[in-house]
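Chain A is already provided as a structure; the job is to place chain B on it using the hints.
Chains A and B, in that order, give the protein sequences. Start counting the first sequence at 1; every next residue gets the next number (the UniProt record's numbering). Start counting the second sequence at 1; every next residue gets the next number (the UniProt record's numbering).
Some clues are possibly wrong.
Same chains, same label: a pair holds when it works inside one copy or across any pair of copies.
[What the hints assert, rightly or not] The list that follows gives simulated cross-link-like pairs (lysine-lysine, BS3-like), each with its CA atoms no further than 30 Å apart:
#1 K390 / K109
#2 K73 / K419
#3 K141 / K47
#4 K128 / K230
#5 K73 / K196
#6 K271 / K196
#7 K165 / K397
#8 K379 / K98
#9 K128 / K390
#10 K390 / K98
#11 K128 / K165
#12 K196 / K109
#13 K128 / K271
#14 K397 / K377
#15 K390 / K157
#16 K128 / K98
It is worth saying that the hints were derived from the structure and are not from the lab.
Number of protein chains: 2
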Amino acid sequence: MNAEIIAVGTELLLGQILNTNAAYLSRELAEMGIDCYYQTVVGDNQKRLEEVMRHSERRSDIHIFIGGLGPTKDDLTKETLSAYLNVPLVTDDGAAEKVIRFYRNLDRKMTENNWKQAQVLKDSTVLKNTTGLAAGTYLEKEGHLYILLPGPPSELKPMFENEVKPLLLAESTEESVMVSRVLRFFGIGESTLASKLNDLIEQQTNPTIATYAGDHEVTVRLTAKGTTEKSCQALIDSLEKEIQFRVGEFLYGYGENNRLANEVKQLLIEKRLQITAAESLTGGAFQSELASVSGVSECFAGGIVTYSHTIKEDVLGVSSDTIERYGVVSADCAIEMAEKARDLFQATIGISFTGAAGPSSLEGELPGSVWIGFSMKGKPSFAKHYRFAKDRNNNRKRAVLSGLDLIRRVLLDLPLSNKVTSEK
Amino acid sequence: MNAEIIAVGTELLLGQILNTNAAYLSRELAEMGIDCYYQTVVGDNQKRLEEVMRHSERRSDIHIFIGGLGPTKDDLTKETLSAYLNVPLVTDDGAAEKVIRFYRNLDRKMTENNWKQAQVLKDSTVLKNTTGLAAGTYLEKEGHLYILLPGPPSELKPMFENEVKPLLLAESTEESVMVSRVLRFFGIGESTLASKLNDLIEQQTNPTIATYAGDHEVTVRLTAKGTTEKSCQALIDSLEKEIQFRVGEFLYGYGENNRLANEVKQLLIEKRLQITAAESLTGGAFQSELASVSGVSECFAGGIVTYSHTIKEDVLGVSSDTIERYGVVSADCAIEMAEKARDLFQATIGISFTGAAGPSSLEGELPGSVWIGFSMKGKPSFAKHYRFAKDRNNNRKRAVLSGLDLIRRVLLDLPLSNKVTSEK
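For reference, chain A alone in the conformation it holds in the complex (with noise of 0.2 Å):
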């Protein structure tokens, strides 16, 4: 079975709006081993989109739709289909309710066209709709499977997943449970990491892995296929066991929707520990971060942008001396910042950013040459110099993850390369 997904919508042919719905559902169908050989869009024009379903399906099985379904004159999606195939349109009597229900709520008087939204094509399986007003339709016909999703991304995505994906599966194959399992690393290029897996990516069945490079990091997806929920964790537990054999210190966490922040921020509340934070070039963007993720109050308490030498020695305490001698792109440096800044804040804690965002370099040293500095009760103080080299704000990126990721491989004991620790 091979699939095509077709858009429709004027605002995507403008370049109003980028078309990830189709590169949502294009990952979603490869997982599921359906070919996707075609995407297409067009616009809201009834002749153009008879047109595209005429060559769909010449060469496709599966016809995905994609928007359209709202209730307005231009969204006619259902109705060319409906023409086209010569099936008609009903009225869902869940989706009709539903729509009654939302305008009574607003106490606002239904139009004619509200109805629309409740209209799929006849004998079709409805899908429902959690997110918002217009059903999908899931309907076969002499070999072909039509799907009409909505457009909006917040509604598409439930309704595939809850609702297309399950007869997806029941259609394809017999081992009509899949599950996946996304794992998520930092601190190794995507090329590097499939090089080290590359006999397990060459050798792939059951389960599949897929790598993705994301914004500074990168996501591997493992997705078995089985005939139970259990049999599946099981044949991913296996495969994921000699993913951590191989690669396991770069892998920081799961799931789709998840950050180094949120890790780091378990990982501190778990050990009850307090952090803070002195930043330079990072001008509170590590702080910001960690404050992204809810909840982080319970770890964290406030912490210092130091800008400017005169705030770094003035406000938070550093030496001039240290700067002086060693300036404020160097070890000794960062280490007093982070010791400074948790005596001030008095936390467990204390991380500083120091170096040259760029693009001009900072005290001859070039854009993305940056220590951390890393300072926690008990333990000597030490610093780490990175050299990121992109360009200022991808600079300040990297070394806000790289201090998340720092935090988190001594929290866990894993490996620091190219410490330098104080003599104090």
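Just chain B now, kept in the frame of chain A:
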């Protein structure tokens, strides 16, 4: 003339990358008045690509191919089009020289495949690639126009902008100069802005007006066609004047990659002011946003993150009386934070952020309830209340941008509604 965009690449069909090129080109074409009725994505497969070419030829005049110009055996756009149109491939001397130089500099041996990047369709206009190796092709044949562009956006965009656009403009009209200006707005929603400009948008011919909803802001792109750059600028000036008259207070700057922080930095430097911040719910995000702009050290030396009550009191010096009496989500606390930060960091302006980021409420205040405090040398301090009602990180982001906009408005003497002035 109407165009069709055909992106070639299996990674798109696997959902590994987003088709940002199609959105970019669609936007550019729309601006030039060229209709784009279809976008297609097809894999690295000769047979299927040829089929797509056949469909495109039947329904469109301009065929823009993206990707598949590289050196690997998967790259087959040129080869397929060459066979389809029966136009041979020839080596372009300029492009070949670039390839040779590239490998010589790398001290790496060239393989036969590397030559592929210098090949173009015979009798076509060669499109120079200033940021990569693969040459582009612009071929007119029997009333059709075939344009071949490289896949990486960093190569595609300059090639389209500098090479394709002038050719297309010369093709489609006698007014061969086109000038765009991007106006950036904060604090006004896209629909409100559109309704205020409704008559202008409805009447638009030259210049055209397009509004885009961005990340917490709205941009308006004005595009004029004419015979000279000067006449285009004059047309845009006159339209912008009308827009300024209607919604000028929300217009904060110009340009595709500009941001509010940059404009605020400029204003601060022009007026020789130093800023500092005390951040609670934003957790350093305001200072980080400011520090994302290079050259910020001229107006920013540092600031503090006061996430907990204790740090607000012990390090920043907010009186426990204020916190006990009014709570931290209050005008009084916000004003005191801004004033104390100004003292501690010796700045002319102090700004503060305190409120409930979410997901939980704080002191009975719903997520998104935020006070921003403002203190400036020689002026009465004040605080302003905001209600954002989005999720945690959108509330935080929104607070940061609202803080920047507040500074902008103060420095430009623009209206500030809803101000609470301290009695001190």
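Hint check:
no. : hint        : verdict
1   : K390 / K109 : between (55 Å within a copy, 27 Å between copies)
2   : K73 / K419  : neither (65 Å within a copy, 44 Å between copies)
3   : K141 / K47  : both (22 Å within a copy, 27 Å between copies)
4   : K128 / K230 : within (27 Å within a copy, 56 Å between copies)
5   : K73 / K196  : between (53 Å within a copy, 24 Å between copies)
6   : K271 / K196 : neither (32 Å within a copy, 55 Å between copies)
7   : K165 / K397 : neither (36 Å within a copy, 35 Å between copies)
8   : K379 / K98  : neither (61 Å within a copy, 55 Å between copies)
9   : K128 / K390 : between (46 Å within a copy, 25 Å between copies)
10  : K390 / K98  : between (51 Å within a copy, 25 Å between copies)
11  : K128 / K165 : within (13 Å within a copy, 45 Å between copies)
12  : K196 / K109 : between (61 Å within a copy, 26 Å between copies)
13  : K128 / K271 : neither (44 Å within a copy, 58 Å between copies)
14  : K397 / K377 : within (27 Å within a copy, 33 Å between copies)
15  : K390 / K157 : between (34 Å within a copy, 20 Å between copies)
16  : K128 / K98  : within (10 Å within a copy, 56 Å between copies)
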